[in-house]
Every structure is written in structure tokens, then in C-alpha cells.
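Student: Sequence:
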Amino acid sequence: MTNKENNGHQHMEALLAAFNKGTDAVLNLYNKDATVTYPYAASLGKPFFFTMDEYKKHLDHMLGNMPGISWTGLKVYELKEEDSYWAEVHGETSIPNTSALYRQDYVIYFTLKNGKFSEYKEFWNVLPVLKTLLGSEEAQRIINNKNYN
Numbered sequence: 059m060t061n062k063e064n065n066g067h068q069h070m071e072a073l074l075a076a077f078n079k080g081t082d083a084v085l086n087l088y089n090k091d092a093t094v095t096y097p098y099a100a101s102l103g104k105p106f107f108f109t110m111d112e113y114k115k116h117l118d119h120m121l122g123n124m125p126g127i128s129w130t131g132l133k134v135y136e137l138k139e140e141d142s143y144w145a146e147v148h149g150e151t152s153i154p155n156t157s158a159l160y161r162q163d164y165v166i167y168f169t170l171k172n173g174k175f176s177e178y179k180e181f182w183n184v185l186p187v188l189k190t191l192l193g194s195e196e197a198q199r200i201i202n203n204k205n206y207n
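Just add 58 to the spot in the sequence shown (first one is 1) and you have our numbering.
Don't read these hints as lab results, they were simulated from the structure.
No more than 25 Å apart at the CA atoms, straight line, and that leaves these computed lysine to aspartate or glutamate pairs for DMTMM-like:
1. Lys104 with Glu150
2. Lys174 with Asp111
3. Lys114 with Asp82
4. Lys79 with Glu180
5. Lys179 with Glu112
6. Lys174 with Asp91
7. Lys174 with Glu136
8. Lys179 with Asp91
9. Lys179 with Asp118
Estimated spans, in silico, between C-beta atoms of each pair:
10. Glu195 with Ser142: 33 to 43 Å
11. Glu195 with Asn172: 41 to 51 Å
12. Glu71 with Ser157: 20 to 30 Å
13. Asn89 with Arg199: 31 to 41 Å
In this text, a Cβ means the ideal position worked out from N, Cα and C, and glycines have one as well.
Given these sequences and hints, build the entire structure.
Tutor: Shown next as C-alpha cells:
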């Protein structure tokens with residue numbers, strides 16, 4: 059596994075930039091049969107697996123809540139499997155309806171096929187999501203009411 063400028067790095071830079079350009083810009087970087095997974099979203103009772111049609115609906119809703127997100131510290135690690143990568147990046151944005159600063163560190167597994175994203179799994183910490191979007195008290199209430207067996 060190496061962290062150097064590679065094909066995956068270029069694709070991740072393009073994707074991160076596309077998040078600030080809108081849904082169509084993001085979807086243009088994916089194959090039609092690609093899948094997107096947010097494994098931790100299930101713990102919030104939210105959808106965690108998306109086809110491209112479902113991902114379009116998700117992006118149409120989410121991108122407006124995270125305008126002008128800035129990305130720093132991108133590292134992309136090329137794996138031995140062809141066109142397979144792990145990436146890590148930090149993102150920050152101000153949430154419009156609360157003016158709260160949302161900060162998140164992301165770890166992403168992705169594969170490319172025919173020069174586009176084919177599989178995309180984004181891992182993140184649910185606590186900053188809850189605190190920023192719902193406020194600290196509501197976030198703690200949700201966490202306290204979860205039954206993790």
C-alpha cells in the first residue's frame with residue numbers, strides 16, 4: 059500500500075471538488091451501476107446503501123446542507139488489487155440553518171472501473187453529524203437511547 063500521487067488520488071480530488079459543484083457533477087464521476095455505502099449511517103436509522111438513482115436523491119438533499127465544504131489532508135493509498143484504494147480526508151463546512159461548523163474525518167474505500175467510481179464506501183464518526191445537525195443535547199439523547207448489542 060502506497061501513498062503517492064496515483065490514479066486514485068486524481069479521482070478523489072475530482073470527486074471532492076465535484077461535491078461543491080452539485081449533484082450532476084458528482085454523478086458524472088460514477089459508473090451507472092456503481093454503489094455507494096455509508097456503513098455507519100445505519101446506526102442513525104438512515105439509509106446506508108445507495109444505487110445511483112438513490113444516491114442522486116441523497117445528494118440533492120445533502121449538498122444543500124453542506125455548502126462550500128473544504129477538504130484538507132487528502133491521502134490516497136493504492137492497494138495491490140488493481141483500481142482499489144483507501145483514502146483519508148478532512149472536511150469542514152458551515153451548516154446553513156444553524157451556522158454550526160461541521161468537521162469530519164473521512165476514511166473511504168473505493169474502486170474504479172473504466173475510469174469512474176464503481177464502489178464507494180465512506181466511513182465517518184456519527185457524533186459530529188448528530189451534534190452539528192441536531193445540537194449536543196439531542197445528539198446525546200439519540201446516543202443514550204440506542205441499544206448496541
